[in-house]
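Top to bottom, those sequences are chains A, B and C. In this text, residue positions in the first sequence follow numbering that gives the first Met the number 0: the first is 0, and each later residue adds one. In this text, residue positions in the second sequence follow numbering that gives the first Met the number 0: the first is 0, and each later residue adds one. In this text, residue positions in the third sequence follow numbering that gives the first Met the number 0: the first is 0, and each later residue adds one.
The set of hints was computed from the structure by calculation and includes no laboratory data. Some hints here could point you the wrong way.
[Claimed, not checked] Negatives, chain B to chain C, calculated, CB over 12 Å:
no. : residue
1   : Thr-76
2   : Gly-82
3   : Leu-94
4   : Phe-102
5   : Gly-103
6   : Ala-113
7   : Pro-156
8   : Ala-255
9   : Gly-300
[Unchecked claim] Distance windows between CB atoms, simulated:
no. : chain 1 : residue 1 : chain 2 : residue 2 : range
10  : C       : Pro-33    : B       : Ala-128   : 38 to 44 Å
11  : C       : Arg-86    : B       : Ser-54    : 21 to 27 Å
12  : B       : Val-299   : C       : Pro-90    : 55 to 61 Å
Remember, it's a predicted structure, so these values are computed and weren't measured experimentally. Ideal Cβ positions, reconstructed from N, Cα and C, are used throughout, including at glycine.
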Amino acid sequence: MTGRGGRTTLAAVAAFAVLVMAGCGGGDDPGSAGAAADGRVTGTVTVFAAASLTESFTRIGRDFEAANPGTTVTLNLAGSSALANQINQGAPADVFASAAPRNMTTVTEAGNADGTPSVFARNQLVIAVPRGNPAGVTGLAGLTRPGVKVALCADQVPCGAAARSALDAAGVTLTPVTLEQDVKGALAKVRLGEVDAALVYRTDARAASADVTGVEFPESARAVNDYLIVAVKDAPNRAGARAFVAYVRSAPAQAVLAEAGFQAP
Amino acid sequence: MSRPLLDARIIVDRGAFRLDVPLRVAPGEVVALLGPNGAGKTTALRALAGLHPLSAGHVTLDGTDLDRPATGFWVPTERRSVGVVFQDYLLFPHLSALDNVAFGPRRHGIDRRAARATARDWLDRVGLADQAPRRPRQLSGGQAQRVALARALAVAPALLLLDEPLAALDARTRLDTRAELHRHLAAHPGATVLVTHDPLDALALADRLVIVEGGRVVQEGDGPSVTARPRTDYVARLVGLNLYRGRADGHEVRVAPDLTLAVADRLAGEAFVAFRPASVALHPARPEGSPRNTWAGTVVGVQRHGDNVRVQLDGPIGVAADVTPAAAAQLRLTPGQRVWVALKATETHAYPATG
Amino acid sequence: MSRALGTAVPRRRGRVPAALLIPAGFGLLFLVLPLTGLVLRAPWTTLPQRLTEPGALTALRLSVQTATLATVFCLLLGVPLAWLLARVEFPGRRLVRALVTVPLVLPPVVGGVALLLVFGRRGLLGGWLDATFGVTLPFTTAGVVLAESFVAMPFLVIAVEGALRAADHRYEEAAATLGAGRWTTFTHVTLPLVAPGLAAGAVLCWARALGEFGATITFAGNYPGRTQTMPLAVYLALETDLESAIVLSLVLLVVSVSILVALRDRWMTSA
């Protein structure tokens, strides 16, 4: 009886151990090799990038792989603050590209940056309106007209903070119908026609140009958003991380970013 | 019989099985549908209650059609003047005994106070006034049965239906409850149909027995006539008689190719012969003298049966014999033993198989 | 030998087999550990002032109100639906049952988009509702209730349908013989019989509505006091202030667990 009970116990413990190991796997992945003997970059480069960089970083990653045979770029795309939290909790990131200086500060203050972050792109707000602009919005002042429904990002997220600065600069007070969790949420409300306008980044409006038109407004210059990039201190692929950061600042990558609507730093 | 209150021909087809039971019940009369499991008794009861539609035939209560497939006429259960006591009572578990009984009157448009007064009165009549606030699960089997009866009677139904009303009770409770149930059924002014597979329940409770086998009525009549003149093996077994069918000629009935029984009755043609196991005598050797019916048989089984011993015998006819324990000991009865079987003609009862 | 067995049997009977106990323990650990994490990281010293911040209380009140309204809404529509699925044979019943579970497998955000496509300003019904009754649902508290109901209703329907299937339908026949029509039978017999299942379904439904995030923010947006429920507040707090997010999560946790425990004691055990 005892022997039998012991075996069952052992099996349960073994099953649990397998689960635990599966959860922690990947730490010793030989794929993330780093620099080869001749100084070339190889292996996997894991890039944690702000969600607003989705389109441009996908292209830049592919270009980087082409320029450095033997490398693979893995993108983890999410909100900047979520990424910063993940990195500070020890996620195996090589590069962090943040859409807001504040989230970058979180990482540098925790001592998790390898070097000083650098600005690699800038983004400005535009007024996104549904195609055809049914409410006839031409500037910030138009957003305060009765019956015009406006979506803003919540103050806690970068696009919301930027919108607040721009509205303050213009002296415009408006009551939005919703404070969205991120810029994509605000844009979705415009695409579906649920709101007449939303303040979003120019890059986001451009990516959604099939359904959305971006209306430029002068006060946006008062709320420019800096995008910063840095290699992570405990990067599994340190050489790859540095090479990627340098590549993002090179002319070909900057061209891709400009095409997406970003301004050069 | 006075004008029947219930006039029904219950025809229900279920696959290859067809139930076809004609049934007429007078006001105040209690009819038992008696039959083995699977005979279709419960289906007949459900058809009367409107819980199962007829395939053909009709159910007419107090001159009004309730179900007549030929004309498409159909009255749903809740608008029929029926009360049903289900086999496992189906007392609503979330209601007290009082509210279970008051449920029917409430549904018939009586206000809460009056319905509760009626219910209290009925609980009093079944001797359960003190159990009124109890939930069904706090009641004993016998008490639950009486609450179920009170619940069915509280709406003063023209037709009272009972499905195996005593089957769920233990032997002792059953005896007491049977007597009390008989009192209430006798007092019910409407028609009563009860379904049972227990001949004692049927005999104790019903004025008339309708025996159903394989979906058909095989015999019908009051208790004494059915017990005295069984017409099928099932009924004979129920009432504890040996029964044989044969060809009669005067005082003799041929019940097997090589056995003719002398009987007291005089008749001709197809006939039944019945006799009690206690009328059968067993002898170690061929007896001399008065009994005219004797034949050799083989013992196939010996069992205690009440105060006596029941002996099953094989031979030209299979027969059950009841002998005293003393006689059994004297004969040293064991299976396989050959004995002589004797039966007096005056102990037999012969009657025509037709009509 | 036989003596030893004779004494061993009754003692072993009460023991839980290790093959069940060990995975059960890990299962409990798996569910409780994240909660422990929240409790350990909570900023206990600043807790009182964070709790009394008006934003937190407003979001909490809105959450409890909308989850309760959503549960009522789900009861009104979901119980009859469960009855239909459990009691009435009709062609396509299996398909309908599968459709009922769609919100369970649909990512809530997609559910929110789907609701916008129907009830939104340009939706199938939304435009008509606005033109005819002047009713707009997106960005309103009613929209929150609708989004929560959409996501939570399957829990109620599945629980109640299961209870209805398990209940003995012959009680309904007994009610009919006593003169009760189908509706009276439903309200006076069927519903009381399935009360425990109904309560369990309502509690599951309420809990799911209380934690609802994706469909709510997509369909009803996020505006304090009107559509910002607790989960939305938690998510936004996470953007700037992890400790605030933990406090809000703990509040949501404590409130929901205490309500569930209170209800369980009142309803579930009286079955």
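Practice prompt. Return the numbers of the hints above that this structure violates; sort them in rising order.
Written response: 1, 2, 3, 4, 5, 7 and 10
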